[in-house]
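Protein chains: 2
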Amino acid sequence: MEQPNASMLIIGDELLSGRTQDTNMYYLANELTEVGINLSEARFIRDDTATIVANIVELSTRFDYLFTSGGIGPTHDDITTDCVAQAFGKQVTIRSDAFKILKKYYDEKGIELNEARLRMARIPETADLIENSISGAPGYIIENVYVMAGVPKIFQSMLKTILPKLKKGSPTLSRSVKLHKGEGDIALELEQIVREFSKLNFGSYPFNEKGVHGTNIVIRGKDNKLMIKAEEKVRTLA
Amino acid sequence: MEQPNASMLIIGDELLSGRTQDTNMYYLANELTEVGINLSEARFIRDDTATIVANIVELSTRFDYLFTSGGIGPTHDDITTDCVAQAFGKQVTIRSDAFKILKKYYDEKGIELNEARLRMARIPETADLIENSISGAPGYIIENVYVMAGVPKIFQSMLKTILPKLKKGSPTLSRSVKLHKGEGDIALELEQIVREFSKLNFGSYPFNEKGVHGTNIVIRGKDNKLMIKAEEKVRTLA
Numbered sequence: 008m009e010q011p012n013a014s015m016l017i018i019g020d021e022l023l024s025g026r027t028q029d030t031n032m033y034y035l036a037n038e039l040t041e042v043g044i045n046l047s048e049a050r051f052i053r054d055d056t057a058t059i060v061a062n063i064v065e066l067s068t069r070f071d072y073l074f075t076s077g078g079i080g081p082t083h084d085d086i087t088t089d090c091v092a093q094a095f096g097k098q099v100t101i102r103s104d105a106f107k108i109l110k111k112y113y114d115e116k117g118i119e120l121n122e123a124r125l126r127m128a129r130i131p132e133t134a135d136l137i138e139n140s141i142s143g144a145p146g147y148i149i150e151n152v153y154v155m156a157g158v159p160k161i162f163q164s165m166l167k168t169i170l171p172k173l174k175k176g177s178p179t180l181s182r183s184v185k186l187h188k189g190e191g192d193i194a195l196e197l198e199q200i201v202r203e204f205s206k207l208n209f210g211s212y213p214f215n216e217k218g219v220h221g222t223n224i225v226i227r228g229k230d231n232k233l234m235i236k237a238e239e240k241v242r243t244l245a
Numbered sequence: 008m009e010q011p012n013a014s015m016l017i018i019g020d021e022l023l024s025g026r027t028q029d030t031n032m033y034y035l036a037n038e039l040t041e042v043g044i045n046l047s048e049a050r051f052i053r054d055d056t057a058t059i060v061a062n063i064v065e066l067s068t069r070f071d072y073l074f075t076s077g078g079i080g081p082t083h084d085d086i087t088t089d090c091v092a093q094a095f096g097k098q099v100t101i102r103s104d105a106f107k108i109l110k111k112y113y114d115e116k117g118i119e120l121n122e123a124r125l126r127m128a129r130i131p132e133t134a135d136l137i138e139n140s141i142s143g144a145p146g147y148i149i150e151n152v153y154v155m156a157g158v159p160k161i162f163q164s165m166l167k168t169i170l171p172k173l174k175k176g177s178p179t180l181s182r183s184v185k186l187h188k189g190e191g192d193i194a195l196e197l198e199q200i201v202r203e204f205s206k207l208n209f210g211s212y213p214f215n216e217k218g219v220h221g222t223n224i225v226i227r228g229k230d231n232k233l234m235i236k237a238e239e240k241v242r243t244l245a
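Here the protein sequences line up with chains X and P, keeping their order. The opening position of the first sequence corresponds to residue 8 in this note's numbering, with each subsequent residue numbered one higher. The opening position of the second sequence corresponds to residue 8 in this note's numbering, with each subsequent residue numbered one higher.
Read the hints as simulated data drawn from the structure, not as lab findings. Any given hint might turn out to be false.
Pairs involving identical chains hold if they fit within one copy or between any two copies, as the list cannot separate such chains.
To be verified - Calculated lysine-lysine pairs in the DSSO-like style (CA-CA distance at most 27 angstroms, straight line):
id, residue 1, residue 2
1, LYS97, LYS217
2, LYS116, LYS160
3, LYS217, LYS188
4, LYS174, LYS206
5, LYS206, LYS185
6, LYS240, LYS174
7, LYS160, LYS188
8, LYS172, LYS206
9, LYS188, LYS111
10, LYS185, LYS229
11, LYS206, LYS110
12, LYS240, LYS185
13, LYS107, LYS188
14, LYS111, LYS217
15, LYS217, LYS160
16, LYS110, LYS217
17, LYS160, LYS185
18, LYS217, LYS116
19, LYS111, LYS206
20, LYS116, LYS188
21, LYS172, LYS160
22, LYS160, LYS107
Everything numeric in this text was worked out from a predicted model, so none of it was measured.
Put together the whole structure using the sequences plus the hints.
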């Protein structure tokens, strides 16, 4: 089975100014890996209309899936929805399905669904809503683009909703070997192993734990038997 | 003074598989913000030659600076240097200046400068070396591209070396106001303030601390007096 590939667009000035540290990319990467979808590229971009539109067009064309995070709230700097609509040549309106969700959510809380909050019911035509179990305001799916919130808890909740419906690949298996040798000590022998097991993918990741240097070798592939053989070989480098 | 802009390319399968969480982007973002350089875009890409080359060409053309992180070690999956050279049509050779640095470093440690470690002296012609005070192997600068290690300690040490030499902008000032109101409660009044202070940039960032919702409003700009006035207005939203 072909492994579907995915991209991610993380939208927000606050991330590129260092004010906020993103956790959504790391979370998405782990979740996709588990279900056999390949996160191929992730981009952090600023809250700028032309930039957002261009990236949505490019990434949704190049990859099976595009997941976005950020910029769908009620304030003036939340411009993602208008950009997504522009990218697909769609109109944005206050949709009755989204309106009902927000109305119910705020009525239950005894909070007024004011003009600002109502902005969160602005959804591009033809998009399918993604449930937000945390704070009401839905995300949405338009073609192969999954538009989700930037707040980590809400992003995670939305991802949980959509994951079961995605086309998945056969999960990539991985085996990790921790060696207490520097990369430079094992690189040449490792290269021979890499050549011998050309159907597998080998990553070499140096680490430094409390002053002790070493290397983690990660073997990735689909063929478990072959990977066990490769792991045995890698262990001889210790 | 025009604010220089910058981009970042973070190279490595381990980041996109969720195996490793990046810290270099967050670190760079903070350091650049402090010296008045605008980090405009950051991309995480896989260890794939065509992808790396295309991104180096694109980002180094579009931005004043491109900083890269990852893929310059001694192992088979460290392909960044060959990609950088290809992007600029340069040859890669074992350079005597880089060789001397490595030789001295490993001699002092009593470690053999073997064939694998020698790979780290492979530097594109015409590039200027960046000192690595942690583990010897240098990074380098070629045109407006700054090629640095992926290991956070080494990345940070290299950045410290190059920062004083970069063309800087006037630092963007920022003032932050913490409001214990949801974004939806303040969005409309905030929008009026945003219109009134059109020379300033306003970001609205919802937070949830131990179940308490609120919004951080961040005002960014160059004109401190104007920002003080804007902050006063924002505080009236409390």
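Here is how each hint holds up against the structure:
no., hint, in the structure
1, LYS97 with LYS217, "neither (54 angstroms within a copy, 39 angstroms between copies)"
2, LYS116 with LYS160, "within (19 angstroms within a copy, 48 angstroms between copies)"
3, LYS217 with LYS188, "within (15 angstroms within a copy, 43 angstroms between copies)"
4, LYS174 with LYS206, "within (24 angstroms within a copy, 46 angstroms between copies)"
5, LYS206 with LYS185, "within (21 angstroms within a copy, 54 angstroms between copies)"
6, LYS240 with LYS174, "neither (35 angstroms within a copy, 49 angstroms between copies)"
7, LYS160 with LYS188, "between (39 angstroms within a copy, 18 angstroms between copies)"
8, LYS172 with LYS206, "neither (30 angstroms within a copy, 45 angstroms between copies)"
9, LYS188 with LYS111, "between (59 angstroms within a copy, 20 angstroms between copies)"
10, LYS185 with LYS229, "within (21 angstroms within a copy, 50 angstroms between copies)"
11, LYS206 with LYS110, "neither (54 angstroms within a copy, 36 angstroms between copies)"
12, LYS240 with LYS185, "within (13 angstroms within a copy, 56 angstroms between copies)"
13, LYS107 with LYS188, "between (60 angstroms within a copy, 23 angstroms between copies)"
14, LYS111 with LYS217, "between (53 angstroms within a copy, 24 angstroms between copies)"
15, LYS217 with LYS160, "between (33 angstroms within a copy, 13 angstroms between copies)"
16, LYS110 with LYS217, "between (54 angstroms within a copy, 25 angstroms between copies)"
17, LYS160 with LYS185, "between (33 angstroms within a copy, 20 angstroms between copies)"
18, LYS217 with LYS116, "between (50 angstroms within a copy, 18 angstroms between copies)"
19, LYS111 with LYS206, "neither (53 angstroms within a copy, 39 angstroms between copies)"
20, LYS116 with LYS188, "between (58 angstroms within a copy, 14 angstroms between copies)"
21, LYS172 with LYS160, "within (20 angstroms within a copy, 41 angstroms between copies)"
22, LYS160 with LYS107, "within (22 angstroms within a copy, 51 angstroms between copies)"
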